[in-house]
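Since the structure of chain A is provided, determine the placement of chain B on it from the hints.
Protein chains in written order, with my numbering: chain A, 8 to 521; chain B, 167 to 383.
What the hints contain is simulated information worked out from the structure, not anything from laboratory work. For clarity, every value in this text was computed on a predicted model and none was experimentally measured. Think of the CB as a built atom: it goes at the ideal place given N, C-alpha and C, for glycine as much as any other residue. Take these hints with a grain of salt, some might be off.
The list that follows gives simulated cross-link-like pairs (lysine-lysine, DSBU-like), each with its CA atoms no further than 30 Å apart [to be verified]: (1) A/K100 to B/K325; (2) B/K258 to B/K247; (3) B/K366 to A/K100; (4) B/K366 to A/K125; (5) B/K196 to B/K325.
Not everything, but these chain A residues come out facing chain B in the computed CB check (under 10 Å) [to be verified]: (6) D31; (7) G36; (8) L39; (9) N72; (10) N76.
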Amino acid sequence: MKFNTDEIASVLREEIGRFESRIDVREVGRVLEVGDGIARVWGLSGVMAGEMVEFPGGITGLAFNLEENSVGVIILGDYLKVTEGDEVRSTGKLLSVPVGDAVIGRVLDPLGNPLDGKGPVVTDLRRPVETLAPGVAERQPVREPLQTGIKAIDAMTPVGRGQRELIIGDRKTGKTAIGIDAIINQKNSGVKCFYVAVGQKDSSVAVAIDTLRKYGAMDYTTVIVSGASTAAPLQYIAPYSGTAMAEHFMYNGQHALIVYDDLSKQATAYRQLSLLMRRPPGREAYPGDVFYAHSRLLERSAKLSKEKGGGSLTSLPIIETLEGEVSAYIPTNVISITDGQIYLQPDLFFAGQRPAMNAGISVSRVGGAAQTKAMKKVAGGLRLDLASFRELEAFAQLGTDLDAATQQRLDRGYRMVELLKQGQFAPMDTVDQVMSIYAGTRGHLDDVKREDVADWEKGFLTFVRDQIPELRRRIDESKELDAEGERQLEAAIAEYKRQRATKGSDSRQLAGAR
Amino acid sequence: MSSSTTSQTPARHAAGHGTGVDIGVERLAKVYAQAIIAAADKAGCRGQVLEELAGIVHDVLPKAPAAAGVFASPRITPEEKSAVIDRIFSGKLAPTTLNSLHVLARHERLGILPQVAAAAARLADEMEGLSQATITTAVPLDPAEQSRIVGEVEAAVGKRLAPTFVISPELIGGLVVRVADTVYDQSVATSLVRLRDRLKQRSIHEIQYGRDRLGTP
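Bound conformation, chain A alone (with noise of 0.2 Å):
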C-alpha cells in the first residue's frame, strides 16, 4: 500500500499555517503526594468538585476532595506514572465516554478506550458519566415487558423495560448467567446491551465475552471492563460510564438493558477510595454516601415519556451475598433502591434446579403490568403456589401419611419445579414458554414422570412448532390466550400426549419383540 504524500504535506502545511501563538491558559497544581490510585494536590484552587483535570502523560484525574488546601484527586489510569512534585492541570470538563453506535459490540475500558484490539473508536458523540436521572415529568409507568428468556424469570417475576431487577445471591448461584442469559435473548429484540464487569476476574470476563460471541450477541452488545486488577477510581467509575452509554440510546426513543457485575465489587472500590481520601467511616467501614452512589446510578433507567421519545433503560444489578447474608449493608441499600429482586440459593443451585430461584422472596414490584396477557393468564399465581409448595414439601419430608390432596399438591409442585428448571444459554421464547408453564399449571403433566417433565416439553414444544405452527402463530400476534387459543392448545396437549402414547408403547411392543 502506497500512501498519497501529497495528502500528508497538505496537512501538515495546513497545520503549521495555523500555528499561531495562542496563549495557553490553564489552571495548575502540583501532586504533593500520590499513591493507590489517589492524589493530593496542592493548589488548583478554582477546580470544581467532579472536575477532569490532567497529570503529564495525558492521565487523567477526577477532582474527588476539595478541601482547604489541597484537592484530593482520583487517578483514571497508571498512577505508578504519576509522581510527586508533576504538574496537574484543570480542564474545565466533566468527563465523558464515547457513546451511540460506534461503541456497540466493542470492549471497552471504562473511559472509553478499546481492549477489544479492534482499533479506536470513532465517533464525536460524547456524554459526561455522570448525569442527573430524569425527573418524574419525564418517566411514564413500567409496561412493556423485557423478555429475559429464563422461564421462571419472565412467569414469576417479570422484568418491563425500565425496570431495576436486582439479581442477588451467593457466589457460584448463577448470577452472571442470568445476566448474560438475558442479554442473548436480546437477540432480535433491538435491545441495545452493556454488560458492565466491575472487580471480575479478568478470566471469567474472556468466558463471559467469548460467550457472547459465541451465540452471536455481541452484535449489539459492548462489554465494559474494569477487572479485579484495575485501580479502584476506574472500578468506581465502570458502571457510571456503562450507563452514559446505555442512556445514549435511551434518550434516543430506543431500548437498552444493563447488566452491572457487580455492585458490591464497586461499593468495594468506592470504600477503598474513600477511605483514602480520609473520608469518615460508616456502617462497615463504607463512606456515608455509598447509598446515594448507588441509588443515583440505579435511577438513571428509567422509561422514558412519550414527549421524550418513550426509550427505557433496564438494569439488571448484581450483589453478591456472603453466605446469604441479606441483611448486610450492601444487599439491604440495593435491594431498597431496586424495584425487585431474584434471589438465588446455593442450596437449590446443588439440589440441580438452575437456575437457583428461592420463588417465596423473588419478587418484581413492578409485577404483572410488564408481563403479556397470555402470560399472565397462565403464570398467575405460580409464584405463590410454588412458595407454598416448598413448605408442604419440608412438612412431607416428615413423613406423616399425606392425603390424597396434599400428595397431588406435591406431585404439582415436583413438575412445576422440574418444569422451571432451563438450561444456560437457552433461553426460551415467550410463546413456548406460555405453552409449556400451561401444561404444567393446568395440571396436564401430573401423571408425566418427574424425571420425563423436561423430555416431555421439549417434545411438545417440537410438536407444536412442526404440527400446528398455527397456535403459535396466534399466541404470537396477541399476545394473549384467549378462549379459542385455550381451546386449541388443549387439543394440541391431548394430541401430543396421544401420540407419546401410542410411540411409547411401540417402542416397548418393539423391545418385547426383540
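Just chain B, lined up with the frame of chain A:
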C-alpha cells in the same frame, strides 16, 4: 516591583510552588501568620514586623544552622527557647516580632518559623491586593524589559503583582506567567507540544475517516 518584594520572593514561593509541602504545617502557619499580622496592625508596624521575620529566616538562620536546630528540637524546653530568644533578639526587634517569637516558642512551634514568615508575607500581599506571580523566560531579561512585562501582565489580568523572575532554557522561547494557580503559557516549548498533539489527532482523524482515501489501491 519594589525591591523589598523581590528580596523576599524565593521563600514565599517555596511554599506554593516547590514540592515537599506539608499541608498540616501550612495550615498551622497560616493561623499564626494571621495572628501576627493582626497584632502588628494593632501596633501599627506591619511592614517592620514582616521585614524582621523575613530577615530572621533568610539572614540569621542560614548563618547559624545550629539555631534552627535549637528552635525545632523538642528536647529544649519552651522556657529555655524563650530565654535564648531574649538573649539574641531583645532590644533589636520590634516588640510585636519578639512577642510573636515568644508565642511560637511557648507553643512549641518555633520549628515552623520559615513557613509562618512566608505565610505572613503572602497574607500581607493578599491584603494589599497583590498577587504572587512567577514569570519564566528562556533568557535573562533586563530590568526595563521586566518592568514592561509586569506592567502588561498587570493590565491584562487586572491585578497588581508581586513578581519573581525565573530563567528556564527549556522553554526555548516565549514567556510563561503564573499568577496564583493560573498559568498563562506562551512558550515555544508548549506550542510545539500542542502542535505535535494536534498533528497526531488530525492524522488519526484523517486515517479513520478516509482509510481508502489516503491509500492508493
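Structure-based check of all given hints:
1. In summary, the hint linking A/K100 to B/K325 is supported, as the alpha carbons are separated by about 26 Å, within the 30 Å threshold.
2. Distance check on the hinted pair: B/K258 and B/K247 sit about 17 Å apart at the alpha-carbon level, within 30 Å; holds.
3. The hinted pair formed by B/K366 and A/K100 meets the criterion: a straight-line CA distance of about 22 Å does not exceed 30 Å.
4. For the hint pairing B/K366 with A/K125, the CA-to-CA distance comes to about 19 Å; that is within 30 Å, so the pair holds.
5. Restraint check: the Cα-Cα separation between B/K196 and B/K325 comes to about 23 Å, which is no more than 30 Å; the hinted pair holds.
6. Proximity of A/D31 to chain B holds as hinted, the smallest CB-CB distance being about 4 Å (cut-off 10 Å).
7. Of the supplied interface hints, the one on A/G36 holds, with its beta-carbon coming within about 6 Å of a beta-carbon of chain B, less than 10 Å.
8. For the restraint placing A/L39 at the interface with chain B, the shortest Cβ-Cβ distance is roughly 6 Å, inside the 10 Å limit, so the hint holds.
9. The beta carbon of A/N72 comes no nearer than 12 Å to any beta carbon in chain B, farther than 10 Å, and the hint placing it at the interface is violated.
10. The interface hint given for A/N76 holds, since its Cβ lies 5 Å from the closest Cβ of chain B, which is under the 10 Å cut-off.
Hint 9 from the earlier list is the only one contradicted by this structure; the remaining hints agree with it.
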